[in-house]
Structures are given as structure tokens and as C-alpha cells.
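> Each protein sequence line maps, in turn, to chains A and B. Residue numbers for the first sequence follow the numbering used here, beginning at 1 and rising by one. Residue numbers for the second sequence follow the numbering used here, beginning at 383 and rising by one.
No lab work stands behind these hints, which were simulated from the structure alone. One thing to keep in mind: the hints can contain errors.
[Stated by the list, open to error] Below, simulated BS3-like cross-link-like pairs (lysine-lysine); rule was C-alpha separation at most 27 Å, straight line:
1) Lys273(A) x Lys44(A)
2) Lys539(B) x Lys388(B)
3) Lys633(B) x Lys58(A)
4) Lys44(A) x Lys594(B)
5) Lys188(A) x Lys273(A)
6) Lys345(A) x Lys357(A)
7) Lys58(A) x Lys585(B)
8) Lys539(B) x Lys628(B)
9) Lys10(A) x Lys263(A)
10) Lys143(A) x Lys100(A)
11) Lys273(A) x Lys606(B)
12) Lys263(A) x Lys188(A)
13) Lys273(A) x Lys539(B)
14) Lys606(B) x Lys524(B)
15) Lys380(A) x Lys357(A)
16) Lys435(B) x Lys57(A)
17) Lys357(A) x Lys263(A)
18) Lys606(B) x Lys628(B)
19) Lys44(A) x Lys435(B)
20) Lys606(B) x Lys621(B)
21) Lys100(A) x Lys266(A)
22) Lys10(A) x Lys585(B)
23) Lys44(A) x Lys143(A)
24) Lys57(A) x Lys585(B)
25) Lys143(A) x Lys227(A)
26) Lys58(A) x Lys188(A)
27) Lys100(A) x Lys57(A)
28) Lys380(A) x Lys233(A)
29) Lys100(A) x Lys227(A)
30) Lys621(B) x Lys266(A)
Since the structure is predicted, the reported quantities are computational estimates derived from the model, not experimental observations.
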Amino acid sequence: MNFNPCMKHKLVRKTVRLFAETELSPIAHEIDRDARLPMEVLYKMGPLNYFGLQAPKKYGGAAMDSISYAIAVEELSRVCAAVGLCVSVHNSVGLFPILKFGTREQQDRFIPRLASGEYIGAFSLTEANAGSDAGGVETHAVKDGDSYIINGTKIFVTNGGICDLALIFAVADFNHPRQSTSVFMIQKGQAGFSVGEIEDLCGMRANPVSSLFLEDCRVPRSQLLGKVGDGLKIGLAALDAGRIGIAVQALGIAQGAFDAAVKYSKERQQFNKPIASFQTIQNYLADMATWIDAARLLVYRACAVKDSGRPYSAEAAMAKLYCSEMATRVTNMAVQVHGGYGYSKEYDVERYFRDAKVTEIYEGTSEVQRMVISRAVLSKLT
Amino acid sequence: MSDILKLVVCIKQVPAVSELPWDAATGTLKRDLAEGMINPACKHALEAALQLKERHGGRIVVFTMGPPMAEEVLREAMAMGADQGVLLTDRAMAGADTSVTSFTLARAVAGVCPDFDLVMCGNRTIDSETAQVGPQLAEELKIPGAANVHQLTLSGKILRLERLSDNFLETLEMDLPGLVTISTREYFPRYVSMEGIQDTFDKGTILSLGAKDLGLDINLLGSKASPTRILDVYSPTAKKNNVVLKGSPKKIVEELFTRFGDKIGGVIRKDIKKADT
């Protein structure tokens, strides 16, 4: 067991940190305020393989291991969580399911465009009455010759406002929803497919989270991912990968807030001393550092298990649960270290504080993660 | 000049922080305390080499001298697009001053890439600021050298280059093989792609050479052979020294020009005393 980062992982971190600090840091406040996804930065990320971090090289990806992917998302999120979210979702639940479950034709057709960033991917399971309960999907797919006619509304779709390819979960037979849930790859511009209003959210404001509408949307069979009824299997596999993405995103937010708190505590003077000289602040910093470190080890462990080819649902759920709850604690504490200024938009920590909360909610709430973890615990042979 | 352009870029790993503690006993930086990075000007030199390669074809070999961890900067250079890395690492090479560093680099370049066309270095490093290694390396290799260059154009065997020198823009031509040191004025380094990083670890090769591999006598290397001795190292501090001139206005002005005439004349670009006569 080696806890030292290898040379490659150090270089990935250094490289993405430089990019994030140069390109995103100067605009992170403004794009949050204006709820604007910076397409001009996304265009620069494409040729650097940020949208195909783990896609095979033959499709224009970087074919990296999961820890490299995790470090890249962590470093983007450390500066701008909304862009980190875009990259995380695109790679983990946009591209990865097509790589794992798509036919050769589907992969040839979509993966090069996704890996280059020409297409931005989205994943649409959640509906008004289906969130934690993935079996409650009401979007309906009716077979019509060699096509499917799809009707329904998806909500809270990350990247929804700009997605070029969305994975849409729909049920073919409401008498047997679990056995007939299916995933369709629907392209922007397809008749009957449209984007709703951009949500006005507490955090992650630069990401265009939106509804997606499907009104008699005719989708050829060639855009069905896997078989009819594979939906839950695909969904669970995608969410396992996605949870690593959200875990590292939370980790990045916490690291960003922590770095800001350390810097501020050395600069801010009270009673003629930097506040870092007070034991209370030192205790806060020590707790934050310890939690962040523990979170990082959990998420890298989940990555290593994933790359070994073994099941990693429980490890990914533990990493996601711990990282996200840790991020809300750490960002809260970082605001506290900043005092009144931390509550002001003049400093970044209030943005980190708002951004952190949703990591406990999306891609499976903390309650769902505990469900996954406890199932794994109770199913172990004793 | 051979058919394919052969470029050598010499880079240095420097600490990636603005302040590092000094070891008072040896007068050197405690480098192990900081993460390393490619010295900024060296990165600009590499970018210039990459642009020459993109325009004219060719091959880039990157050299660095340092501890085994300096492999990091070679990997980064290869992820940016260099073709091969050469790491000069040997305990006997440690503590070399600029003169011995350029001697060692010259022997390595001559040994590994004897038919090079152009050697490129950063114009200076942010950790020692001597700006000496590049010009000394040209001397060691017995080739023409030009320092502080910010623009290069290659046509055939002639390299046309631009540099700022004492506020004049100079355009020079140089026959190859030659050496240039590149400033940070142009050639802003590209971002490293993730595919580039993965490729350099999948298939990039690094040649690691010690004194024995280069056939060098260890008595000619490292701190042992370096004539430079660092007597003291300190952080410069800016000091203000206010002077109040008193007396009649005429006396004050006379006193002002007596004491500060050289500085004031410099500002208005003429010698005030001579202008009076």
C-alpha cells in the first residue's frame, strides 16, 4: 500500500490547477452571480481532453485511470464547482454509460463527439415523482415500428440547458416498470425534445440545470442504449461512477474553502495578532484538514476498486456520503473563520458554502447512500 | 544542418513557491520543502521549440540536471510535446555553480545529441537569477549564442531573432548550430493536455545519465569543482531614506542638484549642469 501520489497524479493535479486558477478563478464569482456557464472556457477544455478523461484514445479520449479523473474534477471544483460539475457529470454519467453499454455503432457515433467536448452530455433520471425512487419514472416510451415515441418531463437535469446528448430514462410498460425501464440517447434538435427553464438554484448557479421536455419525441431504435428493461442496470452502474464524481467535487469545494480559510486566518488581525494564532481557529483548521484528508483517502480507495474491476458500489457510496457531508461542514467552518466577511459576496467562501449543500442531495441523497452502504454491510457473510 | 531539425531544450526544476527557507550552513535553498515546477523562462523556451517543430518538423530533446525527482519536469515537457527527456542525475553533480552546470550540460548535449541544430534555454531562473548558464553553455559548446530572445524565425540554416536590449529592439541573424536563451515576453506556454500526460507515462522514455555514463571525471563536477562560493544569502528589503533639505529656496535647489543631480538628470534625460552652460 503506497499513500504517496505517483508522478502522473502529481502532474495531473498541477496541470488542472494551473488551468483552473488561470481560466476560472478570475470569473468564478461573476459566472455564479450571472448564472452563466463560461462556454469560452469549455471550448479551451475540449482539446485538453477534459471531456474525455477516461474515454479510449481511439475515440480522442485520454484513457486515464479513475484517480486521475478524480483529481481533475477535484481541482476544477476547488476553483469553480459549477464547471467541475459540468465535467464530472459529462464524463461519469453522460459518456461512461455509452462506453459500458453502447453498441460499437453507438460508440463510434457518439463517443468521439462527447470526448472532444463537441457534445456535452447529460443524464436524466429524475422526475417530479421519481428521484430516490428510480422505479417511479413516468416518462413513457411506446414502440412504433422501428422507433419509440417518448413523452414525459425530466427535472433538475445538470448541464440540461446546454446538453447536446441526453440519456433519458423511460418506461415501456407501466405494468412492469422495473423490467421495462430503458435508456434512450436523445440529441439536441430532435423533434419533440426541448429544454425548459433554467432552475434558479441556491448553489452551482453557473451550471444550467434545467427541465427537459419530451413531446411525442420519435427516437430510432439505434438510439436505445442496451436493451429494453436495461434501464435500472444502466442507471445503477452510471450512478456508481457518478458518485465518485460528486464525491471529488465535494472534496474540491472543501479544499477550496479550506485554502481560503487558512489564507484568511494568517492575514486577518484581531487583538493585534493574526487570528491563526488563536487556538480556536487552529482547532477549526486542524479539524478541516483531517476531514478533508480522510475524505480524499476514501474517494481514492473507491477509484482504485473501480479500476481493479471489482464491484465498488459501497465504496463509491461511502466516499460520496462522507465527502459531501464533510464539504458542508468544512465550508460552514470556513465561513465562520472569515466571520462577517465570510457571509459577504466579497469573499469566495459564501459561494463554496452554497455550492457544497447540493452534493448531499444529487446523484443519490445521503439517505440513499446510507441505504446502499447498509445493504452491503448486512449482506456480508459472517 | 541535417534534414530534420534537431532541437535541444535545457530546463531547470525550481521550487513552486515565492519564498523558501535557506540553509545557512550551505548557502543553498532547502528545495525539498517545496513542490517543483519548470522554471518559467525554460517553459517559454520549450514553447518556442514546440512552435519551431510544428512549423518545420523536427525532434525535441529536453535536458535537465537535478535529483531523481527532476524527472517530473521532463515528463511535463514531454506531455507538452517534447520527444525525449534526458535526466542528468548523480550525487557527484550536486551543488554545481553555473560554470560547472554549463560544463556538465555541454558534455551531455555533445554526447547525446552531437548533431543538434539549436539549443534553447530560459534566459534566467527564478531561484537564482544569474542568467549565466545559457551563455556559458554556448561557450562550452563553441557555438554562437544570443541571450534574452523573444522571437525566432527559421529559414534554412539561418535563424533570425529578436530581443530587447537596453530598451532597443534588436534583430539579429545567427548561423546554426547555435544557442538562444528565451525571455518570458512571448511564447506563452500551452496548457498540457490530459492525453499528453497519459502518453508520456505510457510510452515516453527518459534517459537517465550519471557521471560515469558521460565518461566524466567526478572531480570536474558538482560543488567540488565549482569556483563560486556563496558567502551570504538574504532577502532584499526595500528601505526608504528620507532627506529633508532646509534653507532658502536657492540653497535648497543647489543642494538638490549637488546631491541628486545624476538621478534627476537621468529622469529628464540630459545633464543639467551641462545644459546650463
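> Hints first: check each against the structure and report whether it holds.
So, going through the hints one by one against the coordinates:
A distance of roughly 43 Å separates the Cα atoms of Lys273(A) and Lys44(A); the hinted pair therefore is violated under the 27 Å criterion. Using a Cα cut-off of 27 Å, the hinted pair Lys539(B) and Lys388(B) holds, with the two alpha carbons roughly 12 Å apart. For a cut-off of 27 Å, the pair hint linking Lys633(B) to Lys58(A) is broken: about 82 Å separates their Cα positions. Note on Lys44(A) and Lys594(B): the hinted pairing is violated, with a Cα-Cα distance of about 45 Å set against a maximum of 27 Å.
For the hint pairing Lys188(A) with Lys273(A), the CA-to-CA distance comes to about 57 Å; that exceeds 27 Å, so the pair is violated. Annotation: proposed proximity of Lys345(A) to Lys357(A) holds, straight-line Cα distance about 17 Å (limit 27 Å). With a CA separation close to 16 Å, the supplied pair Lys58(A) and Lys585(B) stays within the 27 Å bound. About 65 Å separates the Cα atoms of Lys539(B) and Lys628(B), which puts this hinted pair outside 27 Å; it is violated.
At roughly 23 Å between alpha-carbon atoms, Lys10(A) and Lys263(A) fall within 27 Å of each other, so this suggested pair holds. Distance hint between Lys143(A) and Lys100(A) is fulfilled; the C-alpha atoms sit about 24 Å from each other, no more than 27 Å. With a C-alpha separation of about 46 Å, the suggested pair Lys273(A) and Lys606(B) falls outside the 27 Å cut-off, and the hint is violated. Proposed proximity of Lys263(A) and Lys188(A) is contradicted: the alpha carbons are some 44 Å apart, above 27 Å.
For a cut-off of 27 Å, the pair hint linking Lys273(A) to Lys539(B) is broken: about 63 Å separates their Cα positions. For a cut-off of 27 Å, the pair hint linking Lys606(B) to Lys524(B) stands: about 24 Å separates their Cα positions. With a CA separation close to 32 Å, the supplied pair Lys380(A) and Lys357(A) exceeds the 27 Å bound. Restraint check for Lys435(B) and Lys57(A): the C-alpha separation of about 23 Å stays at or below 27 Å, so the hint holds.
Proximity of Lys357(A) to Lys263(A) is assessed by CA-CA distance (about 23 Å); at most 27 Å being required, the pair is judged to hold. The suggested pairing of Lys606(B) with Lys628(B) is violated, with an alpha-carbon distance near 57 Å, which exceeds 27 Å. At roughly 22 Å between alpha-carbon atoms, Lys44(A) and Lys435(B) fall within 27 Å of each other, so this suggested pair holds. With a CA separation close to 37 Å, the supplied pair Lys606(B) and Lys621(B) exceeds the 27 Å bound.
Restraint check: the Cα-Cα separation between Lys100(A) and Lys266(A) comes to about 48 Å, which exceeds 27 Å; the hinted pair is violated. Taken as a hint, the Lys10(A) and Lys585(B) pair is honoured in the structure, with Cα atoms around 18 Å apart against an allowance of 27 Å. A threshold of 27 Å between alpha carbons decides the hint, and for Lys44(A) with Lys143(A) the separation of about 41 Å lies outside it, so the pair is violated. Proximity of Lys57(A) to Lys585(B) is assessed by CA-CA distance (about 13 Å); at most 27 Å being required, the pair is judged to hold.
Restraint check for Lys143(A) and Lys227(A): the C-alpha separation of about 13 Å stays at or below 27 Å, so the hint holds. Distance restraint check for Lys58(A) and Lys188(A): the Cα-Cα separation of roughly 25 Å lies within the 27 Å cut-off, and the hinted pair is therefore satisfied. Between the alpha carbons of Lys100(A) and Lys57(A) the distance comes to roughly 15 Å, so the proposed pair stays at or under 27 Å and holds. A threshold of 27 Å between alpha carbons decides the hint, and for Lys380(A) with Lys233(A) the separation of about 21 Å falls inside it, so the pair holds.
Note on Lys100(A) and Lys227(A): the hinted pairing holds, with a Cα-Cα distance of about 13 Å set against a maximum of 27 Å. At most 27 Å may separate the alpha-carbon atoms for a hinted pair to count; Lys621(B) and Lys266(A) meet this at roughly 25 Å.
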